[in-house]
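**Student:** Spelled out, the chains give:
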Amino acid sequence: MAEFLQFAFSGLTAGAVYALAALGFTLIFNSCGVINFAQGEFVMLGGMITVFLSLAGLPLPLAACLAIVAVVLVGFGIHVFAIDRARDATTVALIVITIGASIFLRGAAQVLFDKRFHTLPSWFGDNPIVVGGAAILPQSLAVLGVAVVIVVLLWALIDRTLLGKAIVATASNQLAASLAGINTRLMVGLSFAISAAIGSAAGIVITPIMFTSYDIGTLLALKGFAAAMLGGIGHPVGAVVGGIVLGLSEAFSAGYFSSQYKDAVALVLLLAVLFACPHGLLGRPSPERV
Amino acid sequence: MLNWTKLVSLAAICFIGISAPRDVWADVKIGAVLSITGPASFLGDPEKKTLDIYIDDINAKGGVNGEKLQLVAYDDGGDANAARTFATRALDEDKIAAMVGGTTTGTTLAMMPLFEEVEIPFISLAGAVQIIEPVRKWVFKTPHTDRMACEKIFADAKKRGLTTVALIWGTGAFGKSMREQCVAAASRSGITIAHEESYSPRDSDITPQLTNIRGKAGIAAVINADFGQGPAIVTRNYRQVGMQLPFYQSHGVASKQFIELAGPAANGVRLPASALLVADKLPDGDPQKPVVVAYAHTYQDKTRQPVSTFGGHAYDGLMILVEAAKRAGTFQKSKLREEIERTKNFIGTGGVVNMSPADHLGLDLTAFRMLEIKNGDWSLIE
Amino acid sequence: MRTILAHRLFPLLPVVAIVIVLPACFPSAYYYRVAALVFIFGLAALGLNLLMGFAGQVSLGHAAFLGVGGYAVAIGPARLGGSPCVYVIAGALLSGLIAWVAGRPILRLKGHYLAVVTLGFGLLLAIALNNETGLTGGPDGISVPRLVVLGLTLRTAADWYWISAAFFLLGALVALNLIDSPTGRALRAIHDSEVAARVLGVDVAAKKLLVFVMSAAYASVAGSLFALLNGHITPDLAGFLRSIELVAMVVLGGMGSVIGSLVGAAFLVILPQTLAVLHDYEHMVLGLVLMLAMIFLRAGIVPTLSRFVTVRPA
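In order, the protein sequence lines correspond to chains A, B and C. If you want this note's numbering, it's the 1-based position in the first sequence plus 109. If you want this note's numbering, it's the 1-based position in the second sequence plus 1176. If you want this note's numbering, it's the 1-based position in the third sequence plus 215.
There could be a bad hint or two in this list.
[To be verified] Where chain C lies over chain B, by a calculated footprint (3+ residues, C-beta under 8 Å): (1) 1225–1233; (2) 1257–1266; (3) 1279–1292.
[As the list claims (entries may be wrong)] Some chain A residues flagged as far from chain C (calculated, every beta-carbon gap over 10 Å): (4) Gly166; (5) Pro170; (6) Val258; (7) Ala285; (8) Leu288; (9) Tyr365.
[Stated by the list, open to error] These stretches of chain C come out as covered by chain B in the derived footprint (C-beta under 8 Å, 3 or more residues): (10) 254–263; (11) 291–303; (12) 487–494.
No lab work stands behind these hints: they were computed from the structure. Because the structure is a prediction, the values reported are computed rather than measured. Ideal Cβ positions, reconstructed from N, Cα and C, are used throughout, including at glycine.
One chain only, chain A, in its complex shape (with noise of 0.2 Å):
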């Protein structure tokens, strides 16, 4: 049983960390149906610019802060500098745009800072939190946390704003949307700087648990689409099930079957879902255009 339980709050680390890297993708998908591979530097940049804001002596909370706005104002200056100048390009253009903002954020990250590791230290201490036998990290913890309220402001922006309707309608139709007095470039803008912002925040909260580098945004992003995708493209509470459901897989294979073939299990598993419900978890279909 203590096996068992450790084997899931392992998981439930993993997922958290999972989910927090696939929560980006949401809102630039639902705006204008890219997939963002710079969302896993938008969570490098978080971790590294408050590491060195740190080490340059400011408090850690407002190191965390302006690292957030500093990400935002990246995020932004995506959308302005490149993404909206080929707004009328193909979808597929749009996303090797992205790649190119990946392979220059990371180039830029390597200049600036350095290539080493580097950590920050837990919000709540290192002293595991001992329960039927079993560890958890309570930064483990706070990750899930931040997860939760991320969610919970991404349903509250989609479902209860008229700013989100307005993100929305410009994701289902953009011709339609600005016909309605939508300033859709506006909306796409503001979801690449929303989706920077939960980047950051993400990178801050998982650096005590996985330290970061100027590198790590692939893996991530690579971890944090396929949770996307496994819940639901475009589906905050998707991205969260998809990532924890993902983590868990991993965890358990690696427990109970071989640590060795522990990806390739959780793998199987993605491909498995996508066969039987080709939308994902809680993913819905979306109506055919002609």
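Place chains B and C on chain A using the hints.
**Tutor:** Relative to the frame of chain A, chains B and C by itself:
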């Protein structure tokens, strides 16, 4: 039709672009294809910094045999294909006299055949034993092999009476290669590997694997084979699940960064590493002391970063090359190669090097020191 | 003259001319190697371009097929004996089979599903290549035996320049013929509107499947050529980053453009070589150039330039 001429000229411009920076001065060029970025940047970055610092230093002191050295460095990003293309470029275009580089075993293995064909000396900075076994005429290397790290750990474990161990390794190139060598060396050293676990690069939590190790009866010690941030996570998780067994890391964590990342959990961890990490703590009579103290201080002063043994490998490679060229009086390739092979009693950061036609590494187990982390710092045992 | 210009194979003539003339300005083997890599990745990008540009499907795991072809010529001759040439074909058949099995259920769906499923398959293959050290050599890679044809060992970059150029031209010839066939017209109809094509009696899923199988075979042959050129391969060949690079080559060169595949490959193979002199700033500039190229040549290099050229004089 105009578009085709356009495309052709575009292609032409690109091709001219490759060869744009032609140098006019006839310095001796030293090639360095390193993994400065990518998954092995943890190793490649200090290597590049070291070569930069010491080539400047050598030139400031008048060069070698009256000739200045020029570093031709390329970043392969850890990709074996890119490494091979850059090696071709260094050999064909830059006409390098010798190469100090090849950060990973994969990139080294991809480049090696070229150097054998063109017959230019190649001093690799990668770990695996297959680079020098069987011996290849033009290929040398400076870092201790994985096999030596395993043997050193096993010897220490045996001395403490810990003969049944568990192995946990990262599935990246470094951990995988060391795992193979440890499995091969175990029975010879009188050690039984009773259980194995692994994890992927950048995994954020490794407690399930450690829980399984904890659940196996009879295990007396745990060995972790990996480099980079993974071992720091393993170490923290090790304490998190309350494991008290003696814990060994490999030479892959031989950098102060490991202690910074793992925090108090690192205390009590043992690892084999070169004398470089404990430069200031070596007894005064130690022959390596002057070399490692000088390198450690130079590196830390110039880069403002803690010294790691990986940069030390690049230092050793460059200095073995430079001393061979001084003895030969020339950078002529076959004379240079013969002199590299005749390196005797060279005191480097990795140990005392004695090469021979049958041994293109020239280090033995005494090159490794067994260290233990105490109160957040390295300490020598033995 | 007009009939020649209008002929569907006309775009290949300049490529043939470039292939023949270029070596005259190659000062060293390094240039042959870079050019050979351009043709090899051009071939893989061409296959992917058929899928993306004509069937409208994105594959994010296409490098897996490079891996199948590459490891076929690395493992096959050593384990089972026989000439590597046999394994180039065997690898292509195996890749085609994998694509057929995986593609059948997926290609009935719409949207990004092929992208995610190919991504998953690509990652699975990369994990297997990495873990099965006994067979594949693990992360450090495996050496590939040199190809011997009629008693001659093909080892120089110049040999492989001619071979890879020939393979690219062959691939382009097949592609251009396919585009001009009834299947090609059906594919274009699918790309414009799947529903309309289906109403007109096009078996959409079967056509898509055919193209997916072809594109897998193209990538596999490219992977085999790459392995034989290098003499050593690592799992990086089949990795996620390589798949992304192939997609970028297609989009940058121009979706649906045969020549665009070659130009896209040339761009992404040569650019890092040119930028290597920038050292630390290399990646920043690479990302910037990629973004700028996509912003200003958003339909792809070849289609944008040719539109620019053909519209003006008219």
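**Student:** Taking the hints in turn, state whether each one holds.
**Tutor:** Status of each hint after checking the structure:
{"no.": "1", "hint": "1225–1233", "in the structure": "violated (count 0)"}
{"no.": "2", "hint": "1257–1266", "in the structure": "holds (count 7)"}
{"no.": "3", "hint": "1279–1292", "in the structure": "holds (count 6)"}
{"no.": "4", "hint": "Gly166", "in the structure": "26 Å, holds"}
{"no.": "5", "hint": "Pro170", "in the structure": "31 Å, holds"}
{"no.": "6", "hint": "Val258", "in the structure": "28 Å, holds"}
{"no.": "7", "hint": "Ala285", "in the structure": "19 Å, holds"}
{"no.": "8", "hint": "Leu288", "in the structure": "23 Å, holds"}
{"no.": "9", "hint": "Tyr365", "in the structure": "18 Å, holds"}
{"no.": "10", "hint": "254–263", "in the structure": "violated (count 0)"}
{"no.": "11", "hint": "291–303", "in the structure": "violated (count 0)"}
{"no.": "12", "hint": "487–494", "in the structure": "holds (count 6)"}
In this structure, the earlier hints numbered 1, 10, 11 are contradicted, and the remaining ones agree with it.
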